[in-house]
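Residues in the sequence shown are numbered from -4 upward in steps of one, following our numbering.
Quick caveat, the hints were computed from the structure, so don't treat them as lab data.
Note that the structure is predicted; figures quoted are calculated from it, not measured.
Check the hints yourself; a few may be wrong.
[Said to hold, decoys possible] Derived pair list, reagent style DSS-like, types lysine-lysine, alpha-carbon separation capped at 30 angstroms:
1) Lys92 to Lys196
2) Lys144 to Lys196
3) Lys196 to Lys148
[Stated by the list, open to error] Label pairs and their in silico Cβ distance ranges:
4) Arg101 to Asn162: 34 to 44 angstroms
5) Pro96 to Gly161: 24 to 34 angstroms
6) Pro117 to Arg62: 24 to 34 angstroms
7) Gln137 to Arg62: 19 to 29 angstroms
8) Arg101 to Glu192: 15 to 25 angstroms
9) Thr189 to Asp158: 24 to 34 angstroms
10) Asn202 to Pro43: 19 to 29 angstroms
11) Glu192 to Arg157: 16 to 26 angstroms
The beta carbon of each residue, even a glycine, is placed where N, CA and C say it ideally should be.
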Amino acid sequence: MSRNIKTSLLIAVFGLIALLGLMLLELGQGQKTDAPPARRLTAAIGGPFELTDQNGVRRSAADFAGRPMLIYFGFTYCPDVCPTALDIMGGALDILKQTAPRAYQRVQPIFISVDPARDTPPVLRDYLSYFHPRLTGLTGSQAEIDAVKSAYKIYAARSQTRDENGNYNVDHSSFYYLMDGDNRYLAHFDHAVTPEELAQKLAGLVN
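Work the whole structure out from these sequences, hints included.
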């Protein structure tokens, strides 16, 4: 089995685990509150954060108030899944610019690193220069990233093995999260969505 196939299978498994975790959270909360299930589920995803962008500027969720955030979690040393996901995000934004300019202007694309040890602001800046110019990259201390991962129910774990150059992989769940202008969960999309599908969904939810 090729490395790419193994990586895709691992991400699919971790994504399923994350979704099952959300379902179990729902079941556990179901006996404690009378709030509708959908409302309880969406309230469980996301939250405030304070991280550092690719230019070394401290940024918080409040900086994007009033603008829906399209968030993807990954890392710059990711061999295939993350670059593909960011290309899809950029393609969707280009489509929105032509077909739904209001949605294009409103949505803020964000890439949050799950590998802060290597993804310093300069590394993020160089990496994101290959993708859509409107992307904001965020990193921080390990504690800050762990807090964001927990808030967004993201699985990410460093591999114990290293290649001949000393590099390691980070296994992680792979979703696009869409948060509204008040930083509340709106929807999430699988990383296998096409740019056309993502643009259509964003236009319907953000416009």
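Verification of the supplied hints:
Taking the CA atoms of Lys92 and Lys196, the gap is near 14 angstroms; set against the 30 angstroms cutoff, the hint holds. Pair hint Lys144 plus Lys196 holds up; C-alpha atoms about 24 angstroms apart against a cutoff of 30 angstroms. Taking the CA atoms of Lys196 and Lys148, the gap is about 22 angstroms. The hint holds against a cut of 30 angstroms. Take Arg101 and Asn162: their Cβ atoms lie about 38 angstroms apart, and the range 34 to 44 angstroms holds.
The hint said 24 to 34 angstroms for the Cβ distance between Pro96 and Gly161, and at roughly 46 angstroms that hint is violated. Taken as a hint, the range 24 to 34 angstroms holds for the pair Pro117 and Arg62, whose Cβ atoms sit roughly 26 angstroms apart. Separated by about 28 angstroms at the C-beta atoms, Gln137 and Arg62 satisfy the suggested range of 19 to 29 angstroms. Checking the proposed 15 to 25 angstroms range against Arg101 and Glu192 shows it holds: the Cβ atoms sit about 19 angstroms from each other.
Judged by the Cβ atoms, the range 24 to 34 angstroms given for Thr189 and Asp158 holds: they are separated by roughly 31 angstroms. For Asn202 paired with Pro43, a C-beta distance near 26 angstroms keeps the hint of 19 to 29 angstroms intact. Here the CB-CB span from Glu192 to Arg157 is close to 36 angstroms, at odds with the stated 16 to 26 angstroms.
Of the numbered hints stated above, those contradicted by the structure are hints 5, 11, listed in ascending order.
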